[in-house]
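Residue numbers (numbering that gives the first Met the number 0), protein chains in the order written: chain G, 0 to 412; chain Z, 0 to 412.
Please note that a few of the clues may not be correct.
The list treats identical chains as interchangeable, and a pair is accepted whether it falls inside one copy or across any two copies.
[Claimed, not checked] Subject to a maximum C-alpha distance of 27 Å in a straight line, what follows is the list of computed DSS-like cross-link-like pairs (lysine-lysine):
#1 105 x 334
#2 105 x 278
#3 321 x 305
#4 334 x 150
#5 334 x 356
#6 105 x 274
#7 334 x 298
#8 305 x 105
#9 242 x 298
#10 305 x 334
#11 298 x 321
#12 278 x 251
What the hints contain is simulated information worked out from the structure, not anything from laboratory work.
2 protein chains.
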Amino acid sequence: MASRALRSSLAISKTSLAPSLCHARPIALHGHTTYVRHSQTRSISAYGYTQAKALTFQDYGEPPSVLSLHKHSISPPHGDQLTLRFLASPINPADINQIQGVYPSKPTFTTALGTPNPIAVGGNEGVAEVIALGDKAKSAGFKRGDWVIMKAPGFGTWRTHASATSGQLLKLEEHAREGITPIQAGTVSVNPCTAYRMLRDFSLLKEGDWFIQNGANSGVGRAAIQLAREWGLKSVNVIRARKDRAAEDKLKQELKEIGATVVITDSELQSQGIKDMAKEWTNGGKEPISLALNCVNGKAATAMAKLLSSGAHYVTYGAMSKQPLTIPASLLIFKDIHFHGYWVSRWSEQHPEEKKKTVEEVLDLTRRGKFKDMPVDEIKWDWETPGEELVAKVKDTLEGYREGKGVFVFGQT
Amino acid sequence: MASRALRSSLAISKTSLAPSLCHARPIALHGHTTYVRHSQTRSISAYGYTQAKALTFQDYGEPPSVLSLHKHSISPPHGDQLTLRFLASPINPADINQIQGVYPSKPTFTTALGTPNPIAVGGNEGVAEVIALGDKAKSAGFKRGDWVIMKAPGFGTWRTHASATSGQLLKLEEHAREGITPIQAGTVSVNPCTAYRMLRDFSLLKEGDWFIQNGANSGVGRAAIQLAREWGLKSVNVIRARKDRAAEDKLKQELKEIGATVVITDSELQSQGIKDMAKEWTNGGKEPISLALNCVNGKAATAMAKLLSSGAHYVTYGAMSKQPLTIPASLLIFKDIHFHGYWVSRWSEQHPEEKKKTVEEVLDLTRRGKFKDMPVDEIKWDWETPGEELVAKVKDTLEGYREGKGVFVFGQT
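Throw the hints in and build the complete structure from the sequences for me.
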């Protein structure tokens, strides 16, 4: 049961063979799920235009200063165009960096949203429903009710509705979205894909092999733990040491419950006995630790590299400590460790088909209860939700106030 | 024309079909070259034993303290054994580190040289002549007069003679040694091989592509410049800035003469305008700089990484600054630079056949005048040369006194 989005009668009559709907209430035509209910509509105009609201910015800067809620209308789709209604869009740290202008992947600034000066829409990840589409988009394999994710970053996902072309979208097949919530589908392209590809694309890990990672309780870290568990890999997981020992133990337990083999703190990682401990875990060193995943940098990241087996690969995908990565020459020359970086945005752009497969495989695990994303903090975004409230939620993420990941969940739009 | 080594009559009559030689003078039977003349012999005993001298050490330590000249005799070879007479053996920095005990590749400690306690022979590179051999060694394709290099490190090459088995040696085919001096053959396995493999095994460089390297006036650096020139590659070469500007300019000119496209100092590399300069060299940035070779580490090594094109490979093979390599996260994540290490010892052990091919290819370039090793400081090692004199020469290398690379050249042994 897919929830049907609000749409104008004209949009539908123009772009599909469905009967013209001449009322302004949301209607569930033949949806597969029932978790979103629409009782009112705000996004219909008299001439088939879809009304939309988006969190936009005209200049780079701190999100609270530059973001504002912009209302505009989307003309009925024709040709290769599709009108989308967003279902769920997360706030990822990279989205904040992008608005600050310090992220290499730039958003699209455009006057297409009816402003005199070009503006960009925040957000890079999310899932949307196709509510109307042109004939060419249909020929490209899309239909009303389809769930789509963005093929590449930079699209702008913090908005109620958007106009897209088929080339910008990846369709989630019916089987892939079955039993999946919008939050699950809307948060699968960044963290789980990052974990998945880093585990698969750098080192040929066989069942029983080990990898080591820091930031193990992050979204990527939790994804890696669960994927590894499914693939028969063992993991050494590093978390930040907490002053509150009980909280630290609780977190260790939590990660073990989702499949972590070993969980240690960054202090333990840098303690003297660590090499002996590692030997114990790995059957006297006979089981190789062939891969490291690093989102921290600094000293603890160097310590992690020292636990790797000869010829291993070390992948950096973040730098939470804001430090560089420091590598002793011996690790390169004598231990033959290879250091790489991973950036899911680049990967997405270069491998859209692989992205679709990866996403669908993770959703399959999700459906079977074998994959849980990190705790989520739902942020309701209804048509009436004031811009200030939404911007405040972005600020919370910026300032690290939130325990779970902030996700906009679109309601009565 | 190979020079014939001194050998005992018994050794020959036992191990080859050559006529028994019952005199104690060195004899050039059918040598191919004439650069070594023996007028006296010191290495013959009455019962077919070859007399040998070797620079050995019993404990790790500073070479001047632990090295001593050890005299011993080698029994006539049988089975798979070969008796070698060394022609030329260089003093490489790694040899020093190995004696100090700080090198991961360990020498072979043995009592086979007639000492009560195990000792090891210094040196890892060199060329020797087969002066006698057992039948099995003959079946393995060796014959008297063959020139051989060591298949792997740890053999001990600072000695007048040695006993070896065929599996420890790589034979230089007749065509490969034609017109080649012992110094050329004895110094080809480390520096030129390192340069060759680093240019070939990490990044797929096409004609016209660029690489950048520091330590450009080192043995490896000069080898890389010349190989690159032969292969149609362009090079940015970084040297240390000199107080003596004239000397600096002279060195720049010298490197350009052997094929360097661009030569800059490490100060120039770290200056503000470097990105614009690099753009100029590379046709507005259209010609990628796809590979970096680093033997320095520290800040200048990081600066070098910043000039690379997206997706490039960065290979570290030394750390002359004794600093680690510091990598900003952005170079890994967004610029997709891959950092590796290269260790010629590991490569030699893993790829003996490739080593033979690489050596022969470099010798071919040498013969055709297209490849010159770095300047050499010949150290004559005759039978009577006192141990103190030889050890003093090792000390010179240890202390960096020498302009060229020190090479033991064996004379009247």
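Next on the checklist: So, against the hints stated earlier in the document, which numbers end up violated here?
Outcome noted: No numbers; nothing is violated.
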